[in-house]
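Residue numbers (the numbering used here), protein chains in the order written: chain A, 1 to 440; chain B, 1 to 283.
None of these hints come from the bench; they were simulated from the model. Note that the coordinates shown come from a computational prediction; the quantities given were computed from them, not determined experimentally. There could be a bad hint or two in this list.
[Claimed, not checked] A few chain A residues facing chain B, derived, Cβ under 7 Å:
id: 1; residue: SER80
id: 2; residue: ASP268
id: 3; residue: ALA272
id: 4; residue: GLY415
No residue lacks a Cβ here, since even glycine has one placed at the ideal position from N, Cα and C.
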Amino acid sequence: MKPRQMIRRQFLKDSLGVAAAAAVQSLSSCGGKRDSNPRRQITFGSYADPALDILKEVFLPEFERTIGIHTEWVEADFSSWLQKGLNDGQTKAGAFDIYVMDDLWVPRFAGAGYLANLDELGFQTDLDLVPSAIALGYWPPKTGLRQPGIGSNARSILYSLPLISDVQLLFYRNDVYRHGPPATWDEILRVARQKSDPARHQYGWVTRGVKGNPIVNSFFVFLHSLGGDIFGENWKVIFNSPRGVEALEFFLSLVAYAPPGVAEFDSDQEGATLLQGNAFAATMWTGWCPQTDDPTKSRVVGKINFDVPPKKVNQVAKLGLFMAGIAASAPHKTEALEFLKWFSSSATQIRFARSGGTPFRTSAFKDDEARKKSRWLDATLRALTIGVPSPRTSDWSKVEDILGTELNRALLERGRAKEHLDSAALETSAFLKSAGYPVG
Amino acid sequence: MARSGSGSPRQRLWFLTRLALIVLALIITLLPVYWMVNTSLKTQVEVFASPPTLYAQNPTFGNYVNLFVRRHLGVYLLNSLIIVGSAVLLSLVLGSLAAYFLARFAKGRMQQQLNFWVLAPRMIPPAALVVPVFLILQHFGLINKKLGLVLVYTAFNLPFVAWMMRSFFQEIPVDLEEAAMVDGSSRLRSFWDVVLPLAAPGLVATSIFSLIITFNEFFFALILTSTPEAATLPVGTASLIGKTQTLYGEMAAAGVVAAVPLVVFALLVQRHLVRGLTMGAVK
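Excised from the complex, chain A in its bound form (with noise of 0.2 Å):
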């Protein structure tokens, strides 16, 4: 026994002395100022995503290798990092040189200053560039509603670009729907009433119900494919009209062959019930479609093909792009312009789609050697084109917060559409015009 403790005794000694050699050699280079290190290099800071890994496993080191500019990528949780990128904005701290965004935050981030003029920085955009992708870059928005104080007249300028296309297709089993994909919403329906199982754990449609951005998300299409909208003239709230009540009557009428617990589901879940096979039909981030054919996160690999969403008045696919910006306190603003300009280009562009990355420029979109390694390219372009986004406002969280929450109640009761979307709406107009906004 004695020895044994001996040699703990002085295992712990020489540990603790190791230890602490370690701490001070180490804590002695890290405090102090900023450093001045004169290397040209740039820093990301981004949400996590496995999206993104090509762009930081493929794409950064080649960047790196041709051009000569070091990267740093840092990431957080979605809500973290955007968290972190206010801060960062804010405080002019210039941690970042590129903020890596959803499409979502750009009113935010461009808004209130934190982002670079990339107009004035000289980024030319040209037409190969996918319309609806780049118009999320601009603050204020070339189309649509302005936020108050922002007049008519005020001049869009480009503050960030795509980085990733993301955007809602349908994924649908091509041993259900054998004779291609479903047309219309009420075929899903259809075909959901006759063959789900739920003994079998087969169910004809998936979807996320947890209330927020998630449940939004999945209702915005039905709204606008009813020909609903979230907002008309002067910030007018519309969703609770009565097309946006029979939307949201026709989305229940489709959860009711939804798995159960759907009102708790988020992508993960919604993505894992169709992986599982458990599911015929979702509408589904782009960033999904490579999952379908790994059989380590498939159980139904070639099973499931992807289309734009169906139709019922008209036909939508609902944005989410990623999005670039260069930060208005970057310490490296022109290597960041740099790597904008890289990515972007054309040549780049159709080597990331040959990556399996989902490009923005149209080219990309339409390479056949593209098209070969990624089945949805075809059908992420068509849906691109008819995609709509969130509306572009920078309180536009707390409305998704407010319409999310009596959506998952309607969601939970199976019912009472209208009296959710009045109590949505009541409570939106009231919170839009305690923020300036005219509101109708």
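Use these hints to put chain B onto chain A, whose structure you have.
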């Protein structure tokens, strides 16, 4: 076995009841740990299998490989070890000295006041402190620096260490120190040679609690760091939650990796730990 087989039926029943309760407690305690390890060895398609599989059908270390190769978790782990190790060591040194003062010299009203004010910082919700702390660190250029987090964690650990160690020191008879001083020791020497060795189990128990609290701390690490230069393991683990997808297998693997340093430390000091947990403030 001899004990279970001997004695009256009533004693045997009592023994079996206790055994059943212990097994039940172990299942409740260890099931989440088992599930974490189990999930870390599954492919994504199996993670979401319904009904869930009780053990990995095709075990893989892919999640661990991804963690260290693609997600650079090793950097976060190293940051955590450096920051947490430094902060705990510093707070143990400073906190023990403060605790010794509180145990031996603070008397009457002064004792009450000091005890209260030492503990007071722990009563403030972290969310209320984070902005002032952020501004202070920003002023000194310590945002996104390991040293900044070390100082913050030391400050937050100090009250805890001081209170814990105070009760351990109070249990050590003053006579022992006085005897050492009569033999010629200085106050500091008697503290070092007599009091601290006797309070070693307390130090170990306190260090374990401090390590757990600090190693798992997320909020301040998230706000005060931005890059892998200083971000800690909980922050790195949280980045596995994506915009549209959460990497559950890799998160489980990160949980296993995060548990290893604490388990290893606990094993190394277990001899003192048992005694430390049965004396002083935690008895």
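We went through each hint and held it up to the structure:
no.	hint	in the structure
1	SER80	holds, 6 Å
2	ASP268	holds, 5 Å
3	ALA272	holds, 4 Å
4	GLY415	violated, 27 Å
In this structure, only the earlier hint numbered 4 is contradicted, and the remaining ones agree with it.
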